[in-house]
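S.K.: Sequence:
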Amino acid sequence: MAMERRRLLTTALGTAAVAAVPLGPAAAAPAAPAAPRTTGSWTTVQHRGIRPDDPEGRAPLANPRRGFRYEMSYNALDLTSPWPNEQDHSPDVTKTLELLEREYGAGANLTQLYFYLWDFATSEIPAGALANIERVLRGLRSKGYAAVLRFVYDDGVRENRRYTVRDIQRHIGQLAPLVARNSDVVAVWQAGFLGTWGEWHGSHYGHETYPDAVTAIMTTLVEALPPGMHTQVRYAEKRDMITNRAILDRVGFHNDYVTLGEGLWDYYVPDNPGWPRYLQVSQTGMMDGEMPWDKGQSADPYAWSTVIPGIPAARRLQTLRFDSLSLVHNATVTVPGWKAAGLTERQVTEAQLPVSDGYFRDRAGRPVARTQFEYLRDHLGYRVEVREERHDVSALRRSGRLPVEVDVVNRGFAAPKHPRPVRLVLLDAAGRTVASADTGADWRGWQPQGRAETGDDHAAPAVTTVRAALDVPKGARGPHRIALALPDPAFPGRGRAVRCANASTAWVDGVNVLAQVRIGAR
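Here the sequence shown stands for residues -34 to -1, 1 to 488, numbered as in mature numbering (1 follows the signal peptide of the UniProt record, and there is no 0).
Hint data in this document are derived by calculation from the structure and do not stem from the laboratory. Among the hints, erroneous ones may be present.
Unchecked claim - Across the chosen pairs, the derived CB separations fall in these ranges:
#1 PRO333 - PRO445: 23 to 29 Å
#2 GLY411 - GLY441: 36 to 42 Å
#3 HIS424 - GLN246: 18 to 24 Å
Just so you know, even glycine gets a beta-carbon here, dropped at the ideal spot from N, CA and C.
Based on the provided sequences and hints, a complete structural model is requested.
M.R.: The structure is reproduced here in structure tokens:
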């Protein structure tokens, strides 16, 4: 939307935005899975979710490409910020992230990352600027963050640049190898480029209004994306301009004015013509959002200064399968409101939202209130729980292969939207992987509960079973552990793996340990 630059006043927030509902003490000892039981030749181990009084039971479960996010902006030329009130954002991204963590509190493992290319909008991006961009991405990696990435020319402060479609295509070509090398720390590469803040309005030549230009730019961008990565545009009408239908499965949405339809620029509402498209695309396309700045942060006339209610917000975000949401926007009004507002299991159930196993119960089964903030933090995107593990040691003795089955369920708002291997592994007593098998499962099919604001079935999400047989090395003996692994497909060594939302599974070197098994010599 065309408006005065959104002024971010982080100092207005300070340390006030802490949870008003007490989080309670952590449990003294880790949870254990239920005692194994044997049926025929199969041994079964049941698992449970994370309860508030488990160790770190109220801490964020950081997983890749989902959850709350921060925001930072850099001029690619010299890693300064375009905004006078962000001069405390250091070129050392680790320091900037630590600043954001102090100002906005923990709970994010993503950040919106703007790189402004104003200085070379109509020329090559120089090597020094490309090196600056890569330096920031390396800093994200060192802190365990990933970027909601957007490249932009026009900042709304300096004069808009006169870039052409060919300029944009040339820059995408320069940036693509850099993004590919660092795709483990890029959650999504937003379309950006066009207009003020890359929001596709007000560019000098109005490229965002011409289907031919939109199609050319988006085709170049999608073809440059690393395998499995998505891009996003802001409006359904812009996505509908793309005449190259072959690329549309990689084009999701970002809503930059989440107000539940109360504001003029929130088009993600049931009576908007684009609503059917948002429902359709969000099933598999990446979805990101941010609320407006509030009047404690911005002098903008369109700042939003009433609390956006948490339960309706959760219903909208779950209905549209949102993966990420800004923690920085509306940070002195709505976010503190969410942190102060208690939330019960009954409220969530009545709102037709997912309830994670044990989420509102302590280990004695007593009800425990959460906060609206906690619930949103923990359920944006996917939330994978293991329900049960089964293995057959007798088959191992007969064939040298250990059959394993694992039941999983997705309690989050959205299905996973990036391809990722689903593997079963066997660890020896020292934690070394001695056997590994790909299950062949596509975890993007692990569907969440039906949409809260539609006529979907609102029963609990379906359980999915993954299975494989592990080829156990001859001579293996003694205690071993069976684990589920969901590694980064491109960077299994350095990329972030997925941790399951279970208190009864151990997290060991990026794998979820599900069961103990004793193997005899063969």
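S.K.: Each hint: holds or not?
M.R.: Hints, verified against the model:
{"no.": "1", "hint": "PRO333 - PRO445: 23 to 29 Å", "in the structure": "violated, 38 Å"}
{"no.": "2", "hint": "GLY411 - GLY441: 36 to 42 Å", "in the structure": "holds, 38 Å"}
{"no.": "3", "hint": "HIS424 - GLN246: 18 to 24 Å", "in the structure": "holds, 19 Å"}
Hint compliance for this structure: hint 1 alone is broken.
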